[in-house]
Amino acid sequence: MICPFDSHRVSKLSQLAAKDYEDLLQCAIPAFEGLFPELDNPLIISVLYTLALFHCLGKMQVHGTDTLELLDEVTTWLGDVMQRFQGETCVKYSMPTPNDTSCDTNFQQSCNKESLQAGVSGALRALGQAASVPTTFSLRTPKWHFMGDYTACIRRLGTTDNFSTEPVRPFPCVK
23 MICPFDSHRV SKLSQLAAKD YEDLLQCAIP AFEGLFPELD NPLIISVLYT LALFHCLGKM
83 QVHGTDTLEL LDEVTTWLGD VMQRFQGETC VKYSMPTPND TSCDTNFQQS CNKESLQAGV
143 SGALRALGQA ASVPTTFSLR TPKWHFMGDY TACIRRLGTT DNFSTEPVRP FPCVK
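Take the sequence shown: its position 97, counted from the start at 1, is 119 in this note's numbering, and no numbers get skipped.
Worth flagging that the hints you see were computed from the coordinates, not collected in a lab. Be aware that one or more of the hints could be misleading.
To be verified - Estimated spans, in silico, between C-beta atoms of each pair:
| id | residue 1 | residue 2 | range |
| --- | --- | --- | --- |
| 1 | Leu-35 | Ser-68 | 22 to 28 Å |
| 2 | Val-113 | Pro-189 | 32 to 38 Å |
| 3 | His-77 | Pro-164 | 14 to 20 Å |
| 4 | Asp-88 | Lys-34 | 37 to 43 Å |
Unchecked claim - Here are the computed lysine to aspartate or glutamate pairs in the EDC-like style, where the Cα-Cα straight-line distance is at most 20 Å:
| id | residue 1 | residue 2 |
| --- | --- | --- |
| 5 | Lys-41 | Asp-183 |
| 6 | Lys-81 | Glu-95 |
| 7 | Lys-81 | Asp-171 |
| 8 | Lys-114 | Asp-102 |
| 9 | Lys-81 | Glu-44 |
| 10 | Lys-165 | Asp-94 |
| 11 | Lys-114 | Asp-42 |
| 12 | Lys-114 | Asp-62 |
| 13 | Lys-165 | Asp-102 |
| 14 | Lys-114 | Glu-60 |
| 15 | Lys-81 | Glu-188 |
| 16 | Lys-81 | Glu-55 |
| 17 | Lys-165 | Asp-42 |
| 18 | Lys-81 | Asp-94 |
For glycine and all other residues, C-beta sits at the position ideal for the given N, C-alpha and C.
The task is simple: from the sequences and hints, build the whole structure.
Below you can see the structure in the form of structure tokens.
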């Protein structure tokens with residue numbers, strides 16, 4: 023069961039937990055279907071479906087040879103579909119959110135005030151202009167790079183529900 027979202031605008035949600043992303047992914051395909059032009063719609067739906075399939079297989083608590091082979095295959099599909107998405111579709115729709123735009127504007131205004139007060143114009147203004155460049159989707163991040171190692175990690179360490187990637191903190195000594 024998927025609990026109702028706290029906000030009607032998903033783009034305004036912040037500090038989401040993993041279960042929130044899972045819920046959003048499960049609801050995304052029907053919400054996105056037919057939303058984009060006919061040329062881009064099949065690839066976007068394919069991205070969402072492949073992400074959901076990868077998530078479902080990765081979240082399994084018991085794996086056998088068949089499920090690990092399927093996870094390997096889905097990981098390859100995911101890489102292929104994400105490369106197509108980045109190259110063909112993402113460039114058409116990537117734009118900053120209104121929140122990003124207002125943050126960029128505030129940053130530029132503060133940079134302009136500081137540069138006028140300090141008499142520094144070139145470097146600080148260039149920094150303010152660089153902040154307004156829209157962020158685009160990139161597969162060149164550690165998260166995407168290590169996706170190919172996911173199945174090998176499950177084979178070596180077991181399923182991902184039995185350990186945490188959270189930094190280890192020593193227990194305080196009680197005297």
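What hints, given by number in increasing order, does this structure fail?
11, 16
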